[in-house]
Structure formats: C-alpha cells, structure tokens
Amino acid sequence: MNVEISDLTRRFGRTRAVDEVSLQAGAGVFGLLGPNGAGKTTLLRMMATVIPPSSGRLRLLGRDPGSYGPRREIRRRAGYLPQNLGYYPGFTVAEFVEYFALLKDMPPRQVPRAVAAAVEQVGLGDKARARLRTLSGGMLRRAGIAQAIVNQPELLLLDEPTAGLDPEQRVAFRALLRELGERSTVIVSTHLVEDVGAACREVALMDAGKVVFHGTPDELTARGEGTGAAGDAPLERGYSAVLAAARSATAVRS
Amino acid sequence: MTAAATAPVRHLPSRAGGAVTLSAARLLRIELRRSAMPLILPVIAALFWFDSYRFATGTPPYWVLRTFWNMGQGRSFVDFAPFVAGMAAWIGSRDGRRGTADLMAGAVRARWAAQLAAWAAAAIWAAGAYLVFVGVMFAVYAHQGLQGSPPWWWVAVGVATVTAFSAAGFAVGAFFPSRFAAPVAAFGAFLALFVSVGRGFGHNSTWSLILPTNARGNYQLVSGIFYPYLPDLPIARLMFLAGIAAAAVGMLGLPARAGGAWLRGAAAVVTLAGVAAAGTAIGLARTAQLTPHGVVIPALHDAANDRPIAYTPVCAQAAGVPLCLNPAYRRYLTEVAVDLRPVLAEVAGLPGAPTRVAQVAGQYTDGMFEFEAGVAVSITGSPPVLRVPLDSFNTLPSATGGGPKSAGPGSGAQFDQELPLLAVHMFVGAGNGAGTPAQQAVQAAMLQDAGLAFAAQAQALTILGLPQWAPLDDQGLVGGSASAAGPGSPAGPVYAAARRFAALAPATRHAWLAAHLAALRSGQLTLAQLP
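Residue numbers (my numbering), protein chains in the order written: chain S, 1 to 254; chain Z, 1001 to 1531.
The following block holds chain Z by itself, in its conformation from the complex (with noise of 0.2 Å):
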C-alpha cells in the first residue's frame, strides 16, 4: 500500500442516459468475461452432439424431417435446457454463497441492476450458444443438400426456450441461495421437460400445445416443402416463453432490498407484463386448430402462409405414365417409377386406371406423422390421376439408405412396397377399410405380381395402418377399429382366391378385371364370382 499522493478522481454524479447506458454495458463486459456459463457448454455440447445432431442423421434429406427430432420435439431444448437452469441458478446464488450481499446494498446502482447484468451475460451465453451449436447443425445440413427450407420460427423457440430457462433458474438462484439452487433447478427445468414431452404425446387438450416440447402440430412433413412453416404457435411459444422471462426477472426487482420504491414499481410492471403474456399466450394456444398444413391459431394466421410453394415438377414415365414429384423429392423420382411400374403395367387400359401420378401434399388431422390412411393415396379425376403424397411416408429411404429412428435399414424395401401396396389398394376400392374380400383377394394377388409375396403382405398392410384394423405401429401410424375384417392368413379362403386369381395369364386377368371392375370396385362381388 501507498500513501503517495494520486491524483483525486472525485466525481460528480453520472445523470447522463448515455453514461448510464455505457455503464450498464460496462458491467455486462465484465459478467460476459467472468459468467459461469460457459463452463457448462462443453457438456450441452457433447449432448447436443449426441443427442440432438447425430440422432437425426439417419432420417431423409428434408429440413422438415431431419430437424424434426431436435426443435419439433424439442431435443436441442431438452439438451439445454436443464444445465442452462442450473448454471443460472448458480450465478443468481452468486451474492449469497459469496457473502457480497452488504457490498451490493450500500452501493448506488439498485441491486436489481447488478442482477440483471449477471443473468443477461448468462442468457447471451447460453442463447448464443443455442445459436452458434444450431448454427453448425444447421451448416452440416446445408452442406449435405437438405430439401425444402428451415424451421427458422423453431429456432427463434428454442432461443427463446433456453432463455426462459435461464432466467426461471436465475431467479430461482436469487432468491433461495445455496449450493443446491443449482441442481434443484436443473432438475426441476428437466422434469418440466419431461411433462411438456409427456403431454405433446399423450394429451389433446390445446393448451398444452403452448409447451416448447409438446410435438403435437410443430410441423407437418408438408412444411418448407409443398407449404411455409405456419409461425402461428411459434408466436405464441415467443410470446409465452418470453412472458415466463419476463415474470422471472421481474420477480427479482420486488424485494424491497433490490431498489427503490420507483425500481419496484417498474419490476412489478415487467412482472405482471410478462404474466400478461404469458396468459394471453396460453389462451391463443387454446384456440388452436389443426389445419392441414399446420396448427392455425385464428387471432395470429396470416391467410398469406396457406398459399402453396411454387414450384416446377421434376417428371418421369413409369410403364409409359407421366409420373411428376416436387423438385424437393427428385431423388426419389426413379425409385417411385421404378415402385410404380408393374402397378401402372398391370392396370393399363382398364377403367379407372391412372393417366397420370402426381406428388400431392399430405392431409394432416392430427399432428406429426399422423394421417388418416386411405386419404394418404387417392384415385381421382377425370382422367383418372393417382396422386401420391409422398411426404407421408416417413419410411422414405434417407440419404444413408437407412430410415429414421426406428425403421432400420429396412426402410428402403419398406418404402418399395408400400407405394404399389396403396396404389392398387385404391384401384381396387378397398377405400379407407379393409376392402371386401373379393377386393382384398384381387389386391393380393396384384401385389404379388408387383412383386410383394403373399407371405409379406400381412406385414405391409400393418405397417401402413391398412386396412384400419391394423394396429398402432411404432412410427405412429393410426390404427382402426378392430372390428373390420382383413384378409386373414395366407392359408385363408381370401388368400387362396387370390392365389386361383394370379394363378390366370395375364391377358385372361386383365379381360376379366376390364370386365368386372366397377361391379369389384362397388362392393358387389364375393370370392365365389372370382375365376
């Protein structure tokens, strides 16, 4: 220590908005270097690596699908989420495990400011780094030529997500300072995950859509492709999420030790602000309604959204039918011609048969991957056009050649069968049921000369959720009621009618299905009228 005399630096007191303003940035420099933070990003890193980038990897080349898993069901947020709770809560404990509690309240500026600093260098770094992880992701998927566009609105979320959090921790930090704030709110950001996550897959009442994990109606596989992602919950999650920090930082501002009475006023306004919002966020979500290209929230559509993407088709001729898909699916184009093929061969020149296949988009009713079967593929128009949503298929081959999570490597023969299964199915009739017997014994033994064995058939029809009396299956694929009859085994009177039936040469076949296909298609045949 000096006694040396220094130069006095005696101040006048900083009235200026612009020296309040550089002072304000000042503290935040300082929190922005010192902030915790960052030391927990490392950890979010490896997970999001883990769980949110490579578990997606597998699933087709489309923005829609391959960031389906880390921001429509909210993966990259479950992976933040938590540690960013519990880093803030620690950093909010700061003043109380630290004893510095008499040093901030002798101090001018209203403890409530210093808090704020310290939580918004918490929350930059943990945005930023939301931003920076999807950002490399978002690069990765880029690089690699993913189809259709990005879900920028779910990126906003998941900002606005890892925020909240780290302001509800913060908060929780403030005011019940010890060392275990932290991993009480890591914990508590976790189970309210896990409840948001639950709900998405279990529950329709509509205010839980305002959940940042509930999947329920986040995007339609239609989405960036055939449609624009619909930003109306989004919206409402921005303004939920940002209500929730708003109350949370507010809150920190109404002890009468954060500031004077004016100070708290204004807390308590940015308080009941942020309730307000976050309120009024779960009463838009109330309102929310199912389209078929998204969640519509009426009092935030714009009816501009529900205009189609334009786009050129991409053609090819399958048995000398035209067959278009959107440009986003041309990969797929010969695949489809080559699926297609003996279908189209097999029905040509008969009534009814397709002129024309054309890619439409997916006819959602209820969330992700859900569709009602037999709306997925139709017959329709004159001339009669087969018209294939192809984005329904969440079995469609991916750029790896293996399917999303669950479908395995499989998913590329899977894919294969189920385009000529669905095709026929319609030209038969057999509608959204399971068809007649007749209709389904016709079906069969088309498939089979489609190259779909008898034997596999069962399998097919269940996977696809058709006929309706096929059960859930793990893709999520809707199942009917189980009082429709299907086919039965392969050793059952339908099959072994199909058997007689693809027994005929092809000719004697086609005369007779030329013959007798409107009487099949109404309904009106049994098993014993088939040759």
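Isolated chain S, as found in the complex (with noise of 0.2 Å):
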C-alpha cells in the first residue's frame, strides 16, 4: 500500500478538520469527494506532507514522513497540485515546470526532457514558451499539473485538478489520470462526482473532517438506489443519500 492512514487527525485551533480518518491505497486512481470543508484539502496537505498531522498514523510509499530523511524521499517520488496554485506570472510554463522539477531535486541532465514530456502530456506543448500571466485558467490549472507529474511520481495527490477545465479537456484529463494509475497511486479530490466515476477504481467520501464512505464507485451508485436521493446520475444519488445518512446519524448521536 503507498498510503497507510490510521485515527490520522488534524486541528485548527478547536477546529478538527480531519477527524480520525483510517484509508488505504494502493495503485490505482482514489477519488476523494466531499462536500466544501469536508476535510480533503486537508488531508491532502498532510499527504503531501506540507502539514503535519496532530495525532495518528500516517505512511506514504512505506516510509513515515514525520522524519526528515524518509518525508525528503517521500516529497522526491511525489507529485501535488494545490487546490489554489500559486504560480509566478512571469515564469513561461516550461521554466516553471523546470523551477519545480529541480526543487524536487530531479536528476538535472533528466530535467529538461521530463519538462518537455510533462508539458506535452498536459496538451501545452504549443504553449511552453508562453508566460503564465497569459494563460486562461483551465490552461494554469494544466501547467499546475504538468509540475505535479514532472518527476513521474509513485503517488500523486491532485486538489480539484479539473477546476476551470472545459469539457474536452476533462475527458482528455480522466484518460491522462487512467494512465497514471496504472503505474502509481493517484488521489484525486474534486467536487465533481462524474470524475470520479471515470477514472476511479476506489472512492473515499468525506464530511465534517470524517470518512462517510469508502468502496467503489459502484458501490456509492448503489447506496443511491431507491432512496429517492437528490442528483442528475447514479453516482450524484449515491452520494447525496450517503450524506443525508451520515448527517442524520450525526444528529442523532448528537
């Protein structure tokens, strides 16, 4: 398993934004939905090892990045988008890229073709030499990416990767995280519950920093069925009626 989380919690102030939360992946693409404040940007900055957590247990590609050494190692075969990407206007996509490529400490005489490849993979080749600051925002979001991949990581955590990308793209985006997942472990947190029923072989669901739901997107589409749960689809169903339950259960307990 690449990412081993166990009783994993972290607050803010009195807040706990994740809460005890225990998941498992191994290869393959892992959708993480939930609500707004659910928790997911937080966990993922605990993945990523921005954050540390407050209490529990937490290992990635089988090392414990609560050390210096194994987080540095953990950090080098990992890739992460933010939710909000921070990026400097006057770099062109391929210098940031590079920029990231070589703070992940990339081999430097690799950097220049996985930059090239990376960007290619994202659909920006034509616009490698073009300055950030005259980029659309799905564009920005797909240099985002492109840095995450750059160093073809072992486990790749992506916050709300398709925010701002038009249809084409997000269909052209699902195909790229298939084939990513088949060599890595990829977890991707979105809003967007048709994503993950493309392009997800596990899905977590996550509410008030707790994990509601955890199977497959089969599974979430059938916990929906007959319960007369608001959505369009299958999956939007499920995911409402696991909500509502996990809520009313809340409540009562409360």
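Possibly wrong hints are sitting among the right ones.
[To be verified] Across the chosen pairs, the derived CB separations fall in these ranges: (1) Z:A1046 <-> S:A163: 43 to 49 Å; (2) Z:F1176 <-> S:R113: 38 to 44 Å; (3) S:Q83 <-> Z:R1257: 16 to 22 Å.
Quick caveat, the hints were computed from the structure, so don't treat them as lab data.
By construction, the Cβ of each residue, glycine as well, lies at the ideal position given by its N, Cα and C atoms.
Join the two chains, each given in its own frame, into one complex according to the hints.
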C-alpha cells in the first residue's frame, strides 16, 4: 500500500479539520469526494507533507513522513497539485515546470526531457514558451498538473484538478488519470462526481472531517438506489444519500 | 492533454555534488531570467545619471574629486539602495503574495535554497547594474583624462552596499509578505541612508564611520595622487556590509518551514557569522584614527600604504623662482606661476623670501576638505621654500571652467586670489592667526599690488577661513575663534595704513621691508611704525 492512514487527525485551533480518518490506497486512482469544508484539502496537504498531522499514523510509500530523511524521499517520489495553485506570472510554462522539477531534486540532466514530456502530456506543448500570465485558468491548471507529474511520481495528489477545465479537457484529463493510475497511486480530491465515476477505482466520501464512505464507485452508486436522494446521475444520488445518512446519524448521536 | 504514453523518466535521487551544483545553477538561471529587479534599473539609471554622474561633472578633473560626491559621500549608494531594497522585498514576498507556499513546502529542496536562488538573482542584477553604471562613469572619466587613480576600494564598498540592501530588503519581503513590503523596505533603506549621511556631517563618534554614506574620512584630497587610497575603512565597511547581508540571508533559513534541522543549523551559523562580522567591523571602526593621509584602523593597517606615490615633478619659473608641481597638476602649472608671480617679484631679495615653490600634500585633520587654516601654505627650510598644497583648494578651476557644486563660475578667479593671499599671509608671519595689525596692513598692501583690491580682500579671507575669526564658509572650510581680531572694514585704521604703505614707491617699500621684516614677523611693529 502506498498510502496507509489510521486515526489521522488534524486540528486548527478547536476545529478538527480531519477527524480520525483511516484509509488505505494502493496503485490506481483513488477519488476523494465531499462537500466544501469536508477536510479533503487538509487530508491531501498532510499527504503532501505540507502540514503534519496532529495525531494518528500516516505512512506514505512505505515511509513515515514524520522523520526528515523519509519525508524528503516521499517528496522526491510524490507530486502535488494544490487546490489554489500559486504561480509566478513572469515564468513561462516550461520554466515553471522546470523550476519545480529542480526543487523536487530531479537529476538536472534529466530535467529538460522530463519537462518537455510533462508539458506535452497536459497538452501545453505549443504553450511551453508562453508566460503564465498570458494563460487562461484552465491552461494554468494544466501547467499545475504538469509540475505535479514532471517527476513521474509514485504518489500523485491532485486537489480539484479539473476545476476550470472545459469538458474536452476534462475528458482528456480523465484519460491521463487512468494512465497515471496504472503505475502510481493517484489521489484526486474533487466535487465533481462524474470525474470519480469515470476514472477512479476506489472512492472515499468525506464529511465534517470524517470518512463516511469508502468503496468503489459502483458501491457508492448502489447506496443511492431507491432512496429518492437528490441528483441527476446515479453516482450523484449515491453521494447525496450517503451524505444524508451520515448527517442524520450525527444528528441522532448529538 | 494526451494520454499517449511518453517514455518514463522516473529518476533516481541525485546525491552527487555536481548534480546539486548544476541544479542550483539552473535554478539561478531561471531566476536571473525572470527576476523583477531589472524592471527598476531604468529608474536607477536615470537617478544615477542626474544625481551621481552629472552632479560631479563640474568638479576639477581628479579622480578623488570627481568621485567624492558619488562614492565618497555615497550618492551612488543612495541612488541604488532604496530601490534595490524595495524590489528585493517585492521578490522576497513572492511566495506569500502568489500563494506558492504549499508548492514550496512540498518540495524536496529546502525553501531556503529556493529563496537563496531568488535573492542571488536579484543581488546579481543589482550589483551587476551598479558595476556597469559605475564602469560607464569611470570609462567616461578615464576618457576625460582624470588625474590620480580611481577609488577601487569604494567601488567594492558600493557593490557590498547594494548587495546588503538587497539581502535586507529580501528578508523584509520574505518575513512580511504583502504588497506593502516593497514600499516599507524602500522607505526603510532611504531612512537608514539618510541617517548615515546625517551622522557623517554631524557626529564625531567613530563607530558611525562604519556607515556606508558617512563621508567623514572617506577621502583625502591627496588620495590617489600623493598617497594611495587607504583601504582600512573600506575593508571595515566591506566586513560590516557582508555581515549584514549574511545575517539577513541566514535569517531566512531559521524558521521551521525553511528546511530540516541541519539546514536550519547552517542558517543559524551563517546568521551568527554575519552578526559577528558586522559587530567586529563596528569594533574596528571605533579604533579608527584620522591621519594626514586618511583613516587608519590599526588592526587593518598596512604601513606600505603610507608610502607616498613616487612622481617626477613638472616645473616652471615665476619671477625667476623655480615652481614645481605634481604632474597630476600639470594643467595648473601656468596658472599657479601667473598667480604667484607678483608676490614673488615683490618679495624677491628680501630675507626669508622663497627661493623655490614646491607643491606638497595637504595635511588633514578633520575629514574631507577640512584642514587647519594656515597650515595649508608654509614657508620653511633653508633656503626658504614656499610649500603649497594645491589639493586643499577645493576651488580649483574645473575642466569646464566652473568649480564644484557651490563654487560657481567664479571659482577660477577665487583660486587666483587664494594663492597669493596665502603666500603673503605666511610671508608677513601671520601664521595661523589673523596677524598683528601691522602684519595685516602690510599683507593688504602686498595683495593690492598683486591684483587683489582692498575691497575684495575681506571676502577672500573669509572664503579661505583666514584668519581664524572667519566664519565657516559654504564649502566646509573651518572658521576659528571669534575672539581673534581681523583687519576690520576697508575704511578702518588697518587699511588706512595699508593704503599709505601701498602708495610708497616699490623700491622704498622694498627697502623698508628689508630693514623691518624680522620685526614685522615677530609682531613687534605697530601700525604707527609703518611708513
């Protein structure tokens, strides 16, 4: 298992953004669903070793990110696309990707080829020399994905990767996800349940910092059948049904 | 986006030092290419042109004079530093403003390493621009045939100043990442330089010598002509500025998010080393002494720098008296001869009259342009030699006919008055003071004969700071005690006696001086005893 999480908690003051979450993920695309404020981004930031957990156990790629050496090794082998992608407007696409490739400690002689491949993979080959300030939101998102995959990561963490992409780009991106999932663990946080249905082998649904569902997209779809839950698609109805059930259980407990 | 399989480039960790160096070089290349620092350079270039270069164009054609304003007094530092600090703060605040903190935090390389690359690029642009601007200015000066030698040490101080301000500004931006970081850093830098300049003019405390725009003792007018520029103070300032830069850059690596424990330890060492260097430099400055040829810091001083620069003088004749100057002053040889000719002719054959005129290096006691009046020109030796330190005349006519900043186009005439005035003042034995009324009267009469009218003498005396009751003039010449008495108004008794004496036939006057010169010099004669 590339991702092993047990009883993971992250507090911000009195708020438990992630509350005793336990998950495991191996190779393939893993979808992380949930409404705004469910804790998906906080969980991904912990997996990206950007912030440490408050408690619980986290092992990534067989290593404990709590120690300096293993954490560096995890970072070397991981890719991360934050929800709010920061970028330097004066950089070109290629420079932006190269910059983070170098910060990921890639062997410098491999960097130019890896950068070209990553930029090509996200369909920005013809924009490689364009300044980031001249790109549309969708193109920027793709540049962000390129920096995340430039090191051919074994663990790829994507926070809302399809935000801002047009339908054609989203279809292409799902194909890319499936390809990446064949050799890596890809964890995708998203609101868009159709992305999960199309690309994910497993899915976890988070609400209020907890995982309220963990299974396959088909199992999530099945949860919505016959419940009359809101949603235009079967997966959406499953999503709504699980959330509704979790919230009513929480209300009963409190 | 394409799902087409691309050959995997999965890599192995790079551990070799060569790979680290190459990575750092590539990061630096990207940062150099995209640094925002060049955006501010046109503004600095314009400021440099008007404030540093053009401001000094009217000064006489000597390296030490032409570069005093822009390097010795640090105008070129002031032109650069606030803008560099502001732009560096803008660059330093980049991660905070652009929201790249998560990306940086998740990278293998320490955030400090990325920050160092960004700062280094900014510093290279700023210091490089400084070198280019100063290089162009020096090339123009060299083309103009300036005499003496360029103040290379001060160029190094300038580079260090720009670098230190870029580091300090970058640190401000990194620690307080907002859009206000840049203006705050720029204003802070301007304030620091303003205080530094102010301390240079108003304070005698030796520690403040370490401040880069403190002009006290920076330059002596003999530097690069009679004696080498003393490197003591520049070395101390380089230590101080390098220390500031190291401390600022080191501080960036101290926060937990900057990197691992080892790296933060290294950052702490860099910071402490920087603070230690800056503190040591301040300590060294406190031991500084102003000597006749510049500021000496005993721990840094090399006695070899006290040796005068060898030269072969250029000579002419003035009223039959040989007159020799340092070859750097060749352009003034004829003018000096013309100015001294009437005085030398007047005193020829008298006891103690100069048999030779020689240029000597000025003796400085209190920093740039400041010397003890009366020590400037002397008549000493046997046979007597009139020793003239021309470098102490900050009214040397310039290449363009004007003088420095405040002297204006009249400075050529002023120069013509000063030489005979000082020579006569020494000849009558007035020394450093006003002289006795009889000495003042004889001096006035001799100056009248030399072409300096009675009515113009009071102003000429005041400008020179002679005698010592003269007030401080606008060029920094030192006035003296208010208790000393001067010759008074041109209508007073001193000038009345002077008019009587001047009205005598030259032969009569000469004969009287031959008979009474010793008494006049010793101060034993009164006004009534003058013919």
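Which hints from the list above does the structure break, by number from lowest to highest?
none
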